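Student: With chain Z held as given, fit chains H, X and P onto it using these hints.
Number of protein chains: 4
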Amino acid sequence: MIIVLKPHTSSGEAREFVRVLEKQSVSIDFSEGAAQIVLGLVGDTAHIDEEALAAHHLVEKVIRVQEPYKRANRLFHPDDTIITIPSKGGPAGVIGGKRLGIIAGPCSVESREQILSLAESVRKAGAGFLRGGAFKPRTSPYSFQGMGPEGLDLLLQAKKETGLPVVTELMDIHQLELFEDVDVIQVGARNMQNFSLLRELGLCRRPVLLKRGLSSTMTELLMAAEYIMAGGNDDVILCERGIRSYDTFTRNVLDLAIIPALKRKTHLPVIVDPSHATGVSWMVPQMSKAAIAAGADGLIIEVHNDPEHALCDGEQSLTPAVFAELMPRLRKYAELEGKKI
Amino acid sequence: MIIVLKPHTSSGEAREFVRVLEKQSVSIDFSEGAAQIVLGLVGDTAHIDEEALAAHHLVEKVIRVQEPYKRANRLFHPDDTIITIPSKGGPAGVIGGKRLGIIAGPCSVESREQILSLAESVRKAGAGFLRGGAFKPRTSPYSFQGMGPEGLDLLLQAKKETGLPVVTELMDIHQLELFEDVDVIQVGARNMQNFSLLRELGLCRRPVLLKRGLSSTMTELLMAAEYIMAGGNDDVILCERGIRSYDTFTRNVLDLAIIPALKRKTHLPVIVDPSHATGVSWMVPQMSKAAIAAGADGLIIEVHNDPEHALCDGEQSLTPAVFAELMPRLRKYAELEGKKI
Amino acid sequence: MIIVLKPHTSSGEAREFVRVLEKQSVSIDFSEGAAQIVLGLVGDTAHIDEEALAAHHLVEKVIRVQEPYKRANRLFHPDDTIITIPSKGGPAGVIGGKRLGIIAGPCSVESREQILSLAESVRKAGAGFLRGGAFKPRTSPYSFQGMGPEGLDLLLQAKKETGLPVVTELMDIHQLELFEDVDVIQVGARNMQNFSLLRELGLCRRPVLLKRGLSSTMTELLMAAEYIMAGGNDDVILCERGIRSYDTFTRNVLDLAIIPALKRKTHLPVIVDPSHATGVSWMVPQMSKAAIAAGADGLIIEVHNDPEHALCDGEQSLTPAVFAELMPRLRKYAELEGKKI
Amino acid sequence: MIIVLKPHTSSGEAREFVRVLEKQSVSIDFSEGAAQIVLGLVGDTAHIDEEALAAHHLVEKVIRVQEPYKRANRLFHPDDTIITIPSKGGPAGVIGGKRLGIIAGPCSVESREQILSLAESVRKAGAGFLRGGAFKPRTSPYSFQGMGPEGLDLLLQAKKETGLPVVTELMDIHQLELFEDVDVIQVGARNMQNFSLLRELGLCRRPVLLKRGLSSTMTELLMAAEYIMAGGNDDVILCERGIRSYDTFTRNVLDLAIIPALKRKTHLPVIVDPSHATGVSWMVPQMSKAAIAAGADGLIIEVHNDPEHALCDGEQSLTPAVFAELMPRLRKYAELEGKKI
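So the sequences go chain by chain: Z, H, X and P. Numbered according to my numbering, the first sequence spans residues 65 to 405. Numbered according to my numbering, the second sequence spans residues 65 to 405. Numbered according to my numbering, the third sequence spans residues 65 to 405. Numbered according to my numbering, the fourth sequence spans residues 65 to 405.
Isolated chain Z (complex conformation):
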């Protein structure tokens, strides 16, 4: 961390300020130039509060050089984190490294028939994971909020029948006991900075799929992962799902450049949700290919047997047939990237 002091700060004032800083267990690199004094903080600055420093009357600017995350930082963990879900009777579900994980399924679990048939369809087409929401965060209190525990139960039956590991969203820490057999716990975009929830997930021993918030920065996404990892849970999958912007031709702006940016900063796997990002199913194939070309470690795609009658987000769901056609094309793009679906 570099602190530029205001011009006309005297050497004495600066030295006194240095003594205050040293109490925060960093050492200070003091550089007195002709015009300005610049302090370099050496050591672990992740715990130092930039904004508190900036409020000091001697400080002109504070520049963070070191990233504020540690466990999520590739600098300290150069090797890619690979998430592997052992599976009974089937191949393991893997995301990261040379394996491109495909998570597919409906937005919401709606009935036993629906989830079992969709699970079978996506498994056949080659998906590695089944998704399906039982607890749904909805903008309106009057919209369908998911089937709840019953939906979760149906999802777990589908897991049993197909052998596919399952991914589903947790909205509230109270629900955690119901999630014992869930393989990957999803944190939705609107909960990305629900710090209480993140902290609790840090204590649990299950991979967490963490969606980027609606307008969160890359650093905020990594700090949210850091909350989980600080508790001891290192299995975090980051998910780009579009950010809010001013244009309305897609629901969100899919920010694919965050993939190479994240891959440089962190060892965690990065997947993409083209369904929620664009909000329209006909864009999903094109943006899925683009995500792979941009270096994604996986995709989470909505597939629904009857999008027109879906209880939520039908507009963005592929039919099983379209999904089955898409998969072989995605494999070719994965191959060009040296990866295997």
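In short, the hints are calculated from the structure, not lab data. Values in this document were obtained by computation on a predicted structure and should not be read as measured data. Each statement offered as a hint is correct.
Where chains are identical, the list cannot tell them apart; a pair therefore holds if satisfied intra-copy or between any two copies.
For lysine to aspartate or glutamate, the following EDC-like pairs were computed, each having C-alpha atoms within a straight-line distance of at most 20 angstroms:
| no. | residue 1 | residue 2 |
| --- | --- | --- |
| 1 | K70 | D93 |
| 2 | K134 | D108 |
| 3 | K224 | E214 |
| 4 | K70 | E131 |
| 5 | K125 | E96 |
| 6 | K70 | D108 |
| 7 | K329 | E124 |
| 8 | K125 | D93 |
| 9 | K125 | E372 |
| 10 | K87 | D370 |
| 11 | K87 | E372 |
| 12 | K125 | E77 |
| 13 | K125 | E114 |
| 14 | K70 | E372 |
| 15 | K327 | E124 |
Tutor: Leaving out everything else, chains H, X and P in the frame of chain Z:
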């Protein structure tokens, strides 16, 4: 709700679609023009899922005419909601109507001495409420997270000594039992769409100060209020605290035009947080005046005895002296708006 | 300007880099700490290209301490710039200092009758300037593009009859010869970075009203002013007119906090356009008051005798009657700010 | 266009309003429902001003169903526009249809040696077009503004020597006479809504590469193209170059989903500028591949022999060696899309 069907939809197809829609207990106004069929949904459309409709193969566009919120809607509750906190020994704290409520205090409770002295200062200067955080949502897990239950206790002591009603943030529904003597429960911007939390607050009988999310729309803010109100708690105070944008000269962009917009759409009081919006204390006086001139029902202002050593957000805090000077000036602006502080 | 070199840069490499930098006629403050070398560039760094520096293989970060603008910089010109338009037969039009300038009139000049009657109305109500577009930048080539030279002529007739100085938009440098009697030349938001146009306006001796671009930063706005001032024309009026954001309840987000921010950085006057910012007339009074309370030096307000039949932007125009009612209220807010309309 | 009238509008009022609308040479589809009257405007509504309509006191909402652009609209021109630049001695430069056009070269022409050597390098690597700026739009008046006419001359020499068609930016219509031998005229992002410039380019018979504005919507981009096409010039190449957002890890957010969206709405070719979008060279290869996978018709990539000493935008330029390595990889992605570079 207006549904424009695709050109070339036959009368027969449209009639069949109407029968499906009628099952959602709305009546349909069928308008067949030369070029296109337009359906008007009459009745309570708040429970109808726009996106599900938009996924239907006959539908070209869906346009919501009626707002999706009901209890928060001024149309159904024309009179301003006024929040009154009875106070022992002092005047009641009031927000809404002809009363402009001023909430002041430190970002975080840091010590007994600090909170008692600040409470006394802001009370003397004329604030109607004391704010102070005990549980702090911080971007980094390594930053100071608030004093927790002990901080809450100190805040309540300050309430006792000064008679000021207190406002403090709840991050997690588990904390609710500690909040029994808290007068106004704050929901932070990052939790604005923590729907589990909102639902629980709907069941509690305490006013809720709901901060606008970092990039939430006006409708999303009102829908978040609707979550609370749907549970039976009608005492919601909306708070504009700046939205995320591309420029960096302020921390957020303070969107004062949402005040007249909200006042037209809802009967709920609207207050402004100039401290978090701008992130710099020297802008707070100017933006406080502007907020009053734009029609705000109140302000929530950070005041800290020693901003340079504040454990969080010092850069945006006023000193008690500056706050005391500001208050008489704010009163003059309030008077021009026909309001009383 | 502070340049942080990458860790592990050797002293020798750094010294060599310093020699390269010194050719750009700045002197270098060399600070070698234990961990990192930091260079401080002393002197006029406005001409130094940050991005070119950032491309250098030794450079980790470049931090601009000094602002990149000079003539627009309050540091070098502490006194407020005041724009005065001498007027025959009437009081001078003034913007800046203790005078709050009100510019009013229709979006477009539509007919002789219209502009003369409106000019008379706004003059009576106390406006200091008449606005009216003859050349209109329209999103669609099929929309009304303004009356052109004939419209300009009518505007100048209105100036003659009322004595009000006039403000009108120049879209193309070819039109400049027609603008000889125009008092203030407006540059629209979409042309804020039309650098050829700005450069030409730097050579002309007329005040320029420069509108902030749709998503321009404060620094970009000041650099656009600097383009004009670098040519020798110091009379630039900055205008906040709302920025693009994700919400749609107003056309743009009126960013009033840019007023105190600009007043600190520059000596140039800052006015606000509440009509284009909000896009709806019923918000204009409230946001006009807020703009004054936030420290604006003036307002530019659309007034139209018949908003429903306006050829453009009727939705955001006040009627002359509403404008006349508004003016005395604005005067009260101006007084609180120690200013006179 | 659908106009929803306010509730309680009488039949008589509505009929009168219809008569006014009919004067705009559209026919009206009148639909009187139980609750609300809805008007459908049939015919060419591109010239109708939505905002003017919205200002009418009877109007609740105006919904555009038909797009406001005509010549750029795929509805009326289903076949892809293909831009072909005949070339002496070499293969023609083609963008669109089954041909993926690669435009490469330096940000600025800096010297004869530089541009000739780069032209030769990119030609060998397989680029179809040479880019190079002679007139540069720079945020600061103190930055290098391009070599001007001399730079243009050097670019044309490079064209002569290599046979590559050239693309260069026009900032001002005065420069047009110098551009006689330029093959593709570029309009920069900051000039996307410089309507005077667009109109003049409509009269010229040269393809125009139109960059999306910093925060322009898809419709605004297409309306800017429509300005050019309305003048009779149908050869417009659209270019996505990133949009402004709140995060800073890339200079702009590359919005690749606009490619499928545009391909559906318009017949014009769409290319991508990964260099300006990301602002950092190491992201360019990944985002180039992603752009092709998303369906782009071409790429415009900055290549500089000595990025560290480039006079502008060095940070985002590839070296000729990296570019030469990238090309065969891009060909593989193009093949998967059924295209040829």
